[in-house]
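Model the placement of chain B on the given structure of chain A, informed by the hints.
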Amino acid sequence: MKWPLVTGFCGGLLIFGGCAYLGDRAAEIVTFRSRKPMTFESVKKQNNGQLRSELQTLQAVAFSQFSEDTPLELQKSADYLESIRSTKQPELQSVLDLQIATYYVEMARLERDAGDVAAADHHRRMAEDILHSLGWQDVSAETMAKLTRWQLWRKATK
Amino acid sequence: MTGGLKIALLAAAILGLAYGGYLGHRNVVEIGNSLKSIQYVAPTKVASDFTRTQFMHADTDHAGKAVIMQINLLEQLELADKSFHADELALAYIRLAMVVDAAGRPEAAQRALDQARLRYRQMHSRNAELTDDELKNLVKQSDRLMAGL
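So the protein lines, in turn, are chains A and B. Sequential numbering of the first sequence, starting at 1, is according to our numbering. Sequential numbering of the second sequence, starting at 1, is according to our numbering.
These are computed hints drawn from the structure, not numbers from a lab. Incorrect hints may appear among the rest.
Claimed, not checked - Here are the simulated DSS-like pairs of lysine-lysine, each with C-alpha atoms no more than 25 Å apart in a straight line: (1) A:88 <-> B:136; (2) B:82 <-> A:146; (3) A:45 <-> A:88; (4) A:76 <-> A:88; (5) A:44 <-> B:45; (6) B:45 <-> A:45; (7) A:146 <-> B:136; (8) B:82 <-> B:45; (9) B:136 <-> B:45; (10) B:136 <-> A:45.
Small disclaimer: the values here were computed from a predicted structure and weren't measured.
Here chain A stands alone, though its shape is the one from the complex (with noise of 0.2 Å):
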């Protein structure tokens, strides 16, 4: 059977945009993985790796600022940044201990307005001996309040 010619045309204009979409696809992929890009590949040879180590350590830190604002998530975003710890540079681990300490002040602060009182006070006790770590004299309500003020900003302006 002799298919018309418009029929033809047709069948050619679906098989070109369905493969079209198809390499395009397929293109992405393989031209992501191979470019990597946000992964610091441009660096990866400085000091053996170790800046790239630092970067992707404080991007960690960077992410874990995107968890929601419930005791629950804070503590995950906590427990993971507590997990990477062991293994960085006493620096590397102040700022991870900051971001601990941010983030116990900010659930004390959403444990107290629940009327958790024993668990606001728990966490809080653990933020103050973090920042008494970090060399921090004054851990006063008011000065810790102020670590979460851009958390609190932040999520405000979403």
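Then chain B, alone, in the frame of chain A:
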């Protein structure tokens, strides 16, 4: 189906794959270049926030360690990737000067201020040279601005 039609459909498939492949590759290269240029924003901001917080609240020993960590990070990044501009180094050196001055090391403070002035001049080549006090005021103004937000 005729032989001619088969060849035409096969050509349509090959052309589609090639065109789609080209578009997909080009899109990811463009996105990748954008991401590469902003990949340092988040880590350097975390380091900067940490330094500022420690500078404002911690003792001189801990504040000094935080500032040195930030300076090392920015200087290494600048060396490793020429596309990165360490604009925050001027403020970091001023903070270092203020910390070591508070720790009773005026000569080290002066060296840090000289570094800060050099960095500041590189960033603002048309501006007149700032005095030590004017440089320190930059940090104070910056911190006041951040605290007031």
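Tested hints:
Pair hint residue 88 (chain A) plus residue 136 (chain B) does not hold up; C-alpha atoms about 32 Å apart against a cutoff of 25 Å. For the hint linking residue 82 (chain B) to residue 146 (chain A), the alpha-carbon distance of about 36 Å lies beyond 25 Å, and the restraint is violated. Distance restraint check for residue 45 (chain A) and residue 88 (chain A): the Cα-Cα separation of roughly 18 Å lies within the 25 Å cut-off, and the hinted pair is therefore satisfied. Of the supplied pair hints, the one linking residue 76 (chain A) and residue 88 (chain A) holds, its CA atoms being roughly 19 Å apart against a limit of 25 Å.
Only pairs whose Cα atoms come within 25 Å are accepted, and residue 44 (chain A) paired with residue 45 (chain B) is accepted, the gap being roughly 20 Å. For the suggested pair residue 45 (chain B) and residue 45 (chain A), the alpha carbons sit about 23 Å apart, so the restraint of at most 25 Å is met. Of the supplied pair hints, the one linking residue 146 (chain A) and residue 136 (chain B) holds, its CA atoms being roughly 23 Å apart against a limit of 25 Å. A threshold of 25 Å between alpha carbons decides the hint, and for residue 82 (chain B) with residue 45 (chain B) the separation of about 19 Å falls inside it, so the pair holds.
Proximity of residue 136 (chain B) to residue 45 (chain B) is assessed by CA-CA distance (about 21 Å); at most 25 Å being required, the pair is judged to hold. The suggested pairing of residue 136 (chain B) with residue 45 (chain A) is violated, with an alpha-carbon distance near 36 Å, which exceeds 25 Å.
Figure legend: structure checked against the earlier numbered hints; hints not met, in rising order: 1, 2 and 10.
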